[in-house]
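Asks: Position chain Z against the provided structure of chain X, taking the given hints into account.
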Amino acid sequence: MDVKPDRVIDARGSYCPGPLMELIKAYKQAKVGEIISVYSTDAGTKKDAPAWISKSGQELVGVFDRNGYYEIVMKKVK
Amino acid sequence: MSKTLSIVLASGTIDKIAAAGVITSGAVANGIDVNIFVTFWALMKFRKNDNTVNKLSYDGSEISDLVLSKMNEKKIQSGIEMIRNAKEVGNVHVYGCALMADVMGISKDDLDDMVEDIIGVGEFVSMTESSYTTLFI
Numbered sequence: 001m002d003v004k005p006d007r008v009i010d011a012r013g014s015y016c017p018g019p020l021m022e023l024i025k026a027y028k029q030a031k032v033g034e035i036i037s038v039y040s041t042d043a044g045t046k047k048d049a050p051a052w053i054s055k056s057g058q059e060l061v062g063v064f065d066r067n068g069y070y071e072i073v074m075k076k077v078k
Numbered sequence: 079m080s081k082t083l084s085i086v087l088a089s090g091t092i093d094k095i096a097a098a099g100v101i102t103s104g105a106v107a108n109g110i111d112v113n114i115f116v117t118f119w120a121l122m123k124f125r126k127n128d129n130t131v132n133k134l135s136y137d138g139s140e141i142s143d144l145v146l147s148k149m150n151e152k153k154i155q156s157g158i159e160m161i162r163n164a165k166e167v168g169n170v171h172v173y174g175c176a177l178m179a180d181v182m183g184i185s186k187d188d189l190d191d192m193v194e195d196i197i198g199v200g201e202f203v204s205m206t207e208s209s210y211t212t213l214f215i
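Listed in order, the protein sequences are those of chains X and Z.
For what it's worth, this note's numbering labels the leading residue of the first sequence as 1, then goes sequentially.
For what it's worth, this note's numbering labels the leading residue of the second sequence as 79, then goes sequentially.
Wrong hints could be hidden among the right ones.
DSS-like cross-link-like pairs, simulated, lysine-lysine; straight-line CA separation at most 25 Å [to be verified]:
| no. | chain 1 | residue 1 | chain 2 | residue 2 |
| --- | --- | --- | --- | --- |
| 1 | X | K47 | Z | K126 |
| 2 | Z | K126 | Z | K81 |
| 3 | X | K28 | X | K47 |
| 4 | X | K4 | X | K46 |
| 5 | X | K47 | Z | K81 |
| 6 | X | K78 | Z | K81 |
| 7 | X | K25 | X | K75 |
| 8 | X | K25 | Z | K152 |
| 9 | Z | K152 | Z | K165 |
| 10 | Z | K133 | X | K46 |
| 11 | Z | K133 | Z | K153 |
| 12 | Z | K165 | X | K28 |
| 13 | Z | K126 | X | K46 |
| 14 | Z | K152 | Z | K94 |
| 15 | X | K4 | X | K75 |
| 16 | X | K28 | Z | K133 |
| 17 | X | K31 | X | K78 |
| 18 | X | K25 | Z | K153 |
| 19 | X | K47 | X | K75 |
| 20 | Z | K148 | X | K78 |
| 21 | Z | K94 | Z | K153 |
| 22 | Z | K133 | Z | K152 |
| 23 | X | K25 | Z | K165 |
| 24 | X | K47 | Z | K165 |
| 25 | X | K31 | Z | K165 |
| 26 | X | K55 | Z | K81 |
| 27 | Z | K133 | X | K75 |
| 28 | Z | K133 | Z | K148 |
| 29 | X | K25 | Z | K81 |
| 30 | X | K78 | X | K25 |
| 31 | X | K46 | X | K75 |
| 32 | Z | K148 | X | K47 |
| 33 | X | K55 | Z | K153 |
| 34 | X | K55 | X | K25 |
| 35 | X | K47 | Z | K152 |
| 36 | Z | K94 | Z | K126 |
| 37 | X | K46 | Z | K165 |
| 38 | X | K47 | X | K4 |
| 39 | X | K46 | Z | K186 |
Source of the hints: derived by calculation from the structure; they are not laboratory data.
It should be emphasised that the depicted structure is a prediction, and the values quoted were computed from it without experimental measurement.
Bound conformation, chain Z alone:
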């Protein structure tokens, strides 16, 4: 049985979503399955029609403009695209958080097609029981 890594992705800034994308890519490259639970700000960025501004975390606010312009110039893949690519390489499952979906009136159809289902935290945590690590991003 292959190993599983679980990620709770709550942040909606592009650096955090990119971190989830990069780690997911590294995991599937190593034959590790990944479960991602998308909640709070991240769920907003996983909406199909999301048109909110891409921001970086406050940590780097002094150099945000520079980093954003470099990322655009070098056409760096977004974290969401990295997760989409990782799905083609390995076993990656993406779930939306039922609580946040209810709060914002978001249904599965409103979310990116890679989101398999909207599930409650109980179900997600039960999935993490067999994970060797769970990350909160």
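Pulled out of the complex, with its shape left as it was, chain X reads as follows:
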């Protein structure tokens, strides 16, 4: 991934619905165009977060399997 996130949320160790809620909070604070990345060790987030991103009409940059955690990256488009 060659996109540098404007905001990184480290929600590793937090369980459902923690990481998703942190992502939404960051999204609310972010300006349009910002890239937000969330780290999560919770398996549910891998599906939950992309589902929220697509439902809310934002852009999913990608879901990356890092060493022992997932990184979900989104762009706030509206």
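Replies: Using the frame of chain X, we list chain Z on its own:
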């Protein structure tokens, strides 16, 4: 106009309060507003100075100790904390039940700051008229 989900939270066991917290989180994530009416045992757990023991429902009594120790070990957020977090993400309104507050001599100041007001059931039920679902937990 956004949709509204209403929850009557009467149980004071941590599994039931967690259920309310998780559902409230899921609702606000979907842009759904939530009204929560906290009554009976749950109202006792929403007291600021509550120091009662955290228990699970009787349903799981055989494995309560295991579940409680896992929840502590993994530092799982309490349902009350989940509701507090959900309030930061969406429109969540928490009300205390006037009947139970009267029974126990509880005032609004005795309750967690997230409780907006103490209201009667009539007012709460009138709020549920426009809800697409009302849950009793």
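Asks: Does each hint fit the structure? Answer for all of them.
Replies: Going down the list of hints, with the structure as the test:
With a C-alpha separation of about 36 Å, the suggested pair K47(X) and K126(Z) falls outside the 25 Å cut-off, and the hint is violated. A C-alpha spacing of about 30 Å is found between K126(Z) and K81(Z), which places the hinted pair above 25 Å, so the restraint is violated. Between K28(X) and K47(X) the alpha-carbon distance is near 20 Å, which keeps this suggested pair within the 25 Å criterion. Restraint check: the Cα-Cα separation between K4(X) and K46(X) comes to about 20 Å, which is no more than 25 Å; the hinted pair holds.
Taking the CA atoms of K47(X) and K81(Z), the gap is near 23 Å; set against the 25 Å cutoff, the hint holds. With a CA separation close to 21 Å, the supplied pair K78(X) and K81(Z) stays within the 25 Å bound. For the given pair, K25(X) sits about 14 Å from K75(X) by alpha-carbon distance, which is consistent with the 25 Å threshold. Distance check on the hinted pair: K25(X) and K152(Z) sit about 23 Å apart at the alpha-carbon level, within 25 Å; holds.
For the hint pairing K152(Z) with K165(Z), the CA-to-CA distance comes to about 23 Å; that is within 25 Å, so the pair holds. Between K133(Z) and K46(X), the direct Cα distance comes to roughly 31 Å. Violation of the 25 Å bound is thereby established for this hinted pair. Distance restraint check for K133(Z) and K153(Z): the Cα-Cα separation of roughly 16 Å lies within the 25 Å cut-off, and the hinted pair is therefore satisfied. Straight-line distance between C-alpha atoms of K165(Z) and K28(X) comes to about 13 Å, which keeps the hinted pair within the 25 Å bound.
Restraint check: the Cα-Cα separation between K126(Z) and K46(X) comes to about 35 Å, which exceeds 25 Å; the hinted pair is violated. Taken as a hint, the K152(Z) and K94(Z) pair is honoured in the structure, with Cα atoms around 18 Å apart against an allowance of 25 Å. Between the alpha carbons of K4(X) and K75(X) the distance comes to roughly 11 Å, so the proposed pair stays at or under 25 Å and holds. The straight-line distance between the Cα atoms of K28(X) and K133(Z) is roughly 35 Å, outside the 25 Å bound, and the hint therefore fails.
Restraint check for K31(X) and K78(X): satisfied, since their Cα atoms lie roughly 9 Å apart, inside the 25 Å limit. As the CA atoms of K25(X) and K153(Z) are separated by approximately 21 Å, the hinted pair is consistent with the 25 Å bound. Distance check on the hinted pair: K47(X) and K75(X) sit about 17 Å apart at the alpha-carbon level, within 25 Å; holds. A distance of roughly 40 Å separates the Cα atoms of K148(Z) and K78(X); the hinted pair therefore is violated under the 25 Å criterion.
Distance check on the hinted pair: K94(Z) and K153(Z) sit about 17 Å apart at the alpha-carbon level, within 25 Å; holds. Between K133(Z) and K152(Z) the alpha-carbon distance is near 17 Å, which keeps this suggested pair within the 25 Å criterion. Between K25(X) and K165(Z) the CA atoms are separated by roughly 10 Å; this keeps the pair inside 25 Å, and the hint holds. Taking the CA atoms of K47(X) and K165(Z), the gap is about 23 Å. The hint holds against a cut of 25 Å.
Simply put, K31(X) and K165(Z) have alpha-carbon atoms about 21 Å apart, close enough for the 25 Å limit, and the pair holds. Taking the CA atoms of K55(X) and K81(Z), the gap is about 15 Å. The hint holds against a cut of 25 Å. Taken as a hint, the K133(Z) and K75(X) pair is broken in the structure, with Cα atoms around 42 Å apart against an allowance of 25 Å. Simply put, K133(Z) and K148(Z) have alpha-carbon atoms about 14 Å apart, close enough for the 25 Å limit, and the pair holds.
Proximity of K25(X) to K81(Z) is assessed by CA-CA distance (about 20 Å); at most 25 Å being required, the pair is judged to hold. Our distance criterion of 25 Å between C-alpha atoms is met by K78(X) and K25(X), whose separation comes to about 15 Å. A hinted pair counts as satisfied when its Cα atoms are at most 25 Å apart, and K46(X) with K75(X) qualifies at roughly 16 Å. In summary, the hint linking K148(Z) to K47(X) is supported, as the alpha carbons are separated by about 24 Å, within the 25 Å threshold.
Of the supplied pair hints, the one linking K55(X) and K153(Z) is violated, its CA atoms being roughly 30 Å apart against a limit of 25 Å. At roughly 16 Å between alpha-carbon atoms, K55(X) and K25(X) fall within 25 Å of each other, so this suggested pair holds. For the hint pairing K47(X) with K152(Z), the CA-to-CA distance comes to about 21 Å; that is within 25 Å, so the pair holds. For the hint pairing K94(Z) with K126(Z), the CA-to-CA distance comes to about 19 Å; that is within 25 Å, so the pair holds.
For the given pair, K46(X) sits about 23 Å from K165(Z) by alpha-carbon distance, which is consistent with the 25 Å threshold. Distance check on the hinted pair: K47(X) and K4(X) sit about 22 Å apart at the alpha-carbon level, within 25 Å; holds. A hinted pair counts as satisfied when its Cα atoms are at most 25 Å apart, and K46(X) with K186(Z) does not qualify at roughly 40 Å.
Taken one by one, the earlier hints fail for this structure at numbers 1, 2, 10, 13, 16, 20, 27, 33 and 39, listed in ascending order.
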